[in-house]
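Following the hints, complete the assembly by docking chain B onto the known chain A.
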Amino acid sequence: MTPAQRRWLFGIGVTGLIAFYLWGLSGLPGFGHYPGPYGFIILRLAVRQTNATGIVSAVNFSYRGFDTVGEEFILFTAAAGTAVVLRRLRGERERSAVDQAADRDVPPTSGAIRMVALLFTGPVVVMGWWLASHAQTDPSGGFQGGVILATAFILVYLSGEFLVFKRFSPVNLTDAVEAVGAGGFAAIGVAAVPMGLAFLTNYLPLGQVPGAVSSSGTIALISFFVGLEVGAAFILIVGELLEQTLLIRQGSG
Amino acid sequence: MQYLPFVVVAWILAVGLYGIVTSRHLVHQIICLIVVQSSTYVLLLGVGYVTGAVAPYYYDVPNHTPAVDPVVQALALTDVVVEAAVTALLLSFAIQAHKRFGTLDPQELASLKG
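Sequences listed follow chains A and B, in order.
Every letter in the first sequence is one number past the one before it in the working numbering, and letter 253, counting from 1, is 253.
Every letter in the second sequence is one number past the one before it in the working numbering, and letter 75, counting from 1, is 75.
The set of hints was computed from the structure by calculation and includes no laboratory data.
Any given hint might turn out to be false.
Claimed, not checked - Which residues of chain B face chain A? A partial, calculated answer using Cβ under 8 Å: (1) L4; (2) V21; (3) G48; (4) Y57; (5) V86.
All residues carry an ideal CB built from backbone N, CA and C; glycine is no exception.
Only chain A is shown next, with the shape it has when bound in the complex (with noise of 0.2 Å):
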């Protein structure tokens, strides 16, 4: 197909859709007018019954958990398959990380850099744990702090070098990290099921105060095993890339 045949299908592909989504817009109540009523339902209830003050947490790993088991499996498959992709392949040879040239000066990482870095890394591992912990009081929550929880590892990658990367996030560790995350937020929910209960029910102690840290029992602990799982992916992720890119080579040997 000539890529002027290409332009005149998808003229006419997006005029098709572009006509049923005014057609399906049209039965649209306005911008600012969300008719509910199942957002409004949650809304009024979700203090009251889960002592959360994150609404949009309590609806995440609690309403709706069920499909952000599912979300975080995507993640989950994700992450090992871009693991499976960039493996090595036939007839490609993987580097040593050690320096193969000791006698030859690795250029070095700029001091600006190197100092950036290292001033924020700590602040931003606080700032992952803090969100990560957060999810039933504030707008924070465990995929937030896993990402930002991950971008210090990325900083440790940038202020040092790649062998400092692998030593801080060690692949089987991270693996591991992956798998609890994944498998605790499984393994809560199916805890309910002996105790009667339907799968992923809230049964741990709500707290006295909406708001508090202490508060919304599993969603507060879901959230924090979803922090662990989306770090640890976004680690492994960016660590196969880096890889990727620095040790694989064309050739045997």
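Quick look at chain B alone, frame taken from chain A:
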């Protein structure tokens, strides 16, 4: 004005799709896919918006303040993270395709296979 956010959704979607169809580079094509997916964020947040309402967090506002729909916000949140991971997977496919065929042009890649 009442439908402006939904028109923006259609625009982002169409621009992204056009990019995917006419792309001459796999990395560019993956970025276009991200653009397509961004339209879903605007759609989700636009659908759940309530005029004059606060964010669905009751940490420092009274319990019965009107808030926007929390369900679509939760969907958008997980959507962003999953998109990042899927993008990484697609980029790793692009790396391997380049190694194998020596090109990242999707049209040449198609003709190599056929």
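Closest C-beta approach of V21/B to chain A relative to 8 Å, hint status: It holds, given that the least Cβ distance between V21/B and chain A is near 4 Å, below 8 Å.
Minimum beta-carbon distance criterion (8 Å), V86/B to chain A: Holds: closest Cβ of chain A sits about 5 Å from V86/B, inside 8 Å.
Y57/B as an interface hint toward chain A, with CB separation required under 8 Å: Holds - the Cβ of Y57/B comes within 8 Å of chain A, reaching about 5 Å at its closest.
Supplied contact hint for L4/B, tested at 8 Å Cβ to chain A: holds (7 Å)
Residue hint G48/B, partner chain A, criterion CB-CB below 8 Å: Where the cut-off is 8 Å and the nearest Cβ of chain A is about 5 Å from G48/B, the hint holds.
Violated hints: none; the structure is consistent with every hint.
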